[in-house]
Amino acid sequence: MHAEVEEKEKQSVSLKHMAGTETMIELRGVNKWYGDFHVLKDINLTVRKGERIVVCGPSGSGKSTMIRCINRLEEHQEGIIDVNGVTLTNDLKNIEHIRKDVGMVFQHFNLFPHLTVLENCTLAPIWVRKMPRKETEEIAMKYLERVKIPDQANKYPGQLSGGQQQRVAIARSLCMNPEVMLFDEPTSALDPEMIKEVLDVMIELAQEGMTMICVTHEMGFARTVANRVIFMDGGQIIEENAPEPFFNSPQSERTQLFLSQILSH
Amino acid sequence: MIVNDKNIPSRPAPASTRGIAGWLRENLFSTPGNSVLTFMGLAFLVWAIPPIFQWAVLQADFIGVNKEACTSEGACWVFVSARFQQFMYGFYPDTELWRVNIFFAQMTAVLVWVLWDKMPRRTWGGVWFLTGFPLTSFILLHGGFLGLETVETHKWGGLMLTLVLSLVGMVIALPIGILLALGRRSDMPAVSSFCTVFIEIWRGVPLITILFMASVMLPLFIPGDIELDKLARAMIGISLFEAALIAEVIRGGLQAMPKGQYEAADAMGLSYWQGMRLIIMPQVLKISIPGIVNTFVQLFKDTSLVLIIGLFDLLAVMQAGITDVNWPNISIEAFVFTGFVFWAFCFGMSRYSVALERKLDTGHKS
Amino acid sequence: MSQNINKASSSRFWYDPKVRSILFQLLFIGLLVFFISNIITNTTNNLEQRGITTGFDFLSQEAGFGIIQSLVEYDETHTFGKTFIVGLLNTALVAVLGVALSTVVGFLVGIGRLSSNWLVARLSTVYIEIFRNIPVLLQILFWYIAVLQVLPSPRQSITLGESIFLNLRGLYIPAPVFGEGSGIVLGAFVAACMAAFVLSHWAKQRQVKTGEVFPVFRVGLGLIVALPIVVWVVAGQPISLEMPVLKGFNFRGGITVMPELIALLLGLAFYTAAYIAENVRAGIEAISKGQREAAGALGLSEGRIMSLVIIPQAMRVVIPPLATNYMNLIKNSSLATAIGYPELVNVFMGTTLNQTGQAIEIIAMTMAVYLTMNLMVSLFMNWFNTRMALVER
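Protein chains in written order, with this note's numbering: chain L, 1 to 265; chain X, 1 to 366; chain Y, 1 to 393.
It cannot be assumed that every hint is accurate.
[To be verified] Computed list of lysine-lysine pairs in DSS-like fashion (alpha-carbon distance at most 25 Å, straight line): (1) 209/Y - 134/L; (2) 100/L - 209/Y; (3) 286/X - 259/X; (4) 142/L - 100/L; (5) 142/L - 209/Y.
The hints are simulated quantities; they were obtained by calculation from the structure and are not laboratory data.
With the rest of the complex left out, here is chain L (with noise of 0.2 Å):
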């Protein structure tokens, strides 16, 4: 057990020497309103590539809209989204162009019921980066023994568990050859003993150097792989920190109120 820890701490040492200097995403006074409901206030977020953060807060703060602001899922309507190098504005090509570079993990997996596992990996490449059939297969068979559900590949969505419904889902997002991958609570819709297994996956991605955001309340998660953790309450960043200082001495008064209230049991 304890080895176990030590060993962790050891991949987290290790992982936050790779985070390089150049910028990813930038986001700069980027504000929100859903109608009259202002729910994102001033964010200001910078991630560089290779680096890993983990966004947190209670419901309703605005962690899932401020990535689904990243990929245009959800439009801002004040402030500059910069992402790998290319600005959001409102035109089609600019998003499609910045959606092929993010690839996105969300609560519900939204895999493709219609199509098989492989299909749903393959769909992508073929129509968006106009690869060769046989070649995507050969991606995303790569990918699919990555997150070791090969196995699986001919069959439907609906003939999985939820752990390996959501590792086809980052094995489809992954065939994009993304640059960042967007996390948006993949664990939270898994029964409890499918939670570690696609956390695994999450991991090793992590450990080879892919620029993450993730939405997410495994603190564990957090603290193994996190360069920086983010907590977010009322549509603003309250407080962001390195894993150790910010689950150790939370500075502000809401970081430890939601803290104590997630990790006491």
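Here the structure of chain L is known, so what remains is to put chains X and Y in place on it, guided by the hints.
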């Protein structure tokens, strides 16, 4: 490390996304294509609405008794008011109209009792709807008892006939439909195959063929010395047709029942009929109300087909009005009025069923 | 314990549910047989009394009445059996045209209902709520009496480019005349269709191999349109159009679409379209927002999201009720009898029945037609549902 414990106060959204301007931009002019669509829609409205309004209201004639009163360019609503009695009652005798009015009033009261969920003892309302209501209505409308003058059915007509046909269809079809649905799900092969064939035949053919059958074939089926009047024959046809539709609605309700309910009824030692009557049917009927109301709307529209076999329903009154030489060129007014009456009933009922469906839906989830 | 068993075995045999069930079914069948035999006796008595013959011999007798529209050769010297065919074909004509028109209108309105444009969505809703809450018979009569019968006389026809005319007597459209050599043009059309098919196959193969996407739809469509036209010009325009021309009080030449058909078609199509629109809306709404988001997040374009993710899933939901809608349209086409369009019910169950009096045979034949169609639709739906069902555990 960043700490920002201060609350940033909520600001109102930027003006371009707020208020009327923001709403317009978001809902009407979000893309160039959308703007084009909006302008086309507006052009259509500008082209269509003012002339219609002018015809139907500004230049229309409302007061008078005959065609001569209609002097202006617009609609001649005088036709509707002059014919109003026929539209409502057909050829029902003038002195007896109060009887129809009582029927209308009782119908409204019973329907409110059964369909409004805040009313007390709705089950009894349902029982009255299926027993007392048709009986009293028959005595009232047909007469011949209790010193009431007999009014032959060929004098019945208009909205009253349309309502009578659809209500009778419903009253007879409900019990038969329930039996058919139970029969179709029965494990006795003779019963279930009979019910399945019966339901599928009536559901599979157009109502008009059933009405033809009722008016041409039915007299052949019964002993030669019994006479069935035209209305009764149509009612039989409509009821059987409706029963098949209701049976399918009820069957859907029976299938939606969780298996546990059937098992619980068995476990309590109830017999099949006791279980059905006390446990299953009350629940099935409750969740089937939207479906039943929808079939009723369908039936209400379909009763207009009796015009083809020569009954004088609302639509037939309209047609007679159009062909009346004393009232030339009023066909559009006639169609608009009749269409509106049908529409108001059907729209109202389907809104009710949608609202109820939503309510039942959330009821199940919570 | 043993006492109990004894008690059970000695109990009356009719407490055994199996015995009960058999007894009940025997009773049920007995009653049914009694009821039906009663009807048969009554009917034979009544028929005898009225001097009506039975059997299907009348089908080969001379009909002796004309029918105003027939897709096959027919006049009054043909048999009653032929009137059945004529009616059936006229029903089929309305069915095909009605299904096509209602599908186009229904899909447009259904998609409009979901439009992000508020005005378009509202107008679509208004359309649906008006057209589906008014009896279809009233709508058919409306088109027939209030619209088509107030059209101008042939001399004052409403015209579109002097080739299409609309007046009191119907719609007149140009008719194609197939001259010598028109076979080549038709051949070119068939060839173009085949070429488009081959093209789509080739494009698919190429995409599998190289990943390049070929605009099959646009090129294929262009081919199907352009090739016959080019051949038509090169071959010296063998297919010409015969324009309807006003001669005296009426038009001659071209194809005449009778007002009864137009009214029936419009009434049925607009009514059914309201139901189809609701289906389409429900089908598209049944696909969760997450599907669209996931597809978008992968970088697929709006068009591809629709064609690869939304439509394939929506179709599973839409097609079964769509089949029911079409079936209802065909059943409702029997309302033509109210305006005198000569379809199956009007011709066969109307005129032929009146002429022969053989109600039972004729009504049975007519019902059999609709029941057969219904059966085919249910078979199709079962097949479709099993084939398309999403694979779940």
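Violations among the numbered hints, reported as their numbers in ascending order: Violated hints: none; all satisfied.
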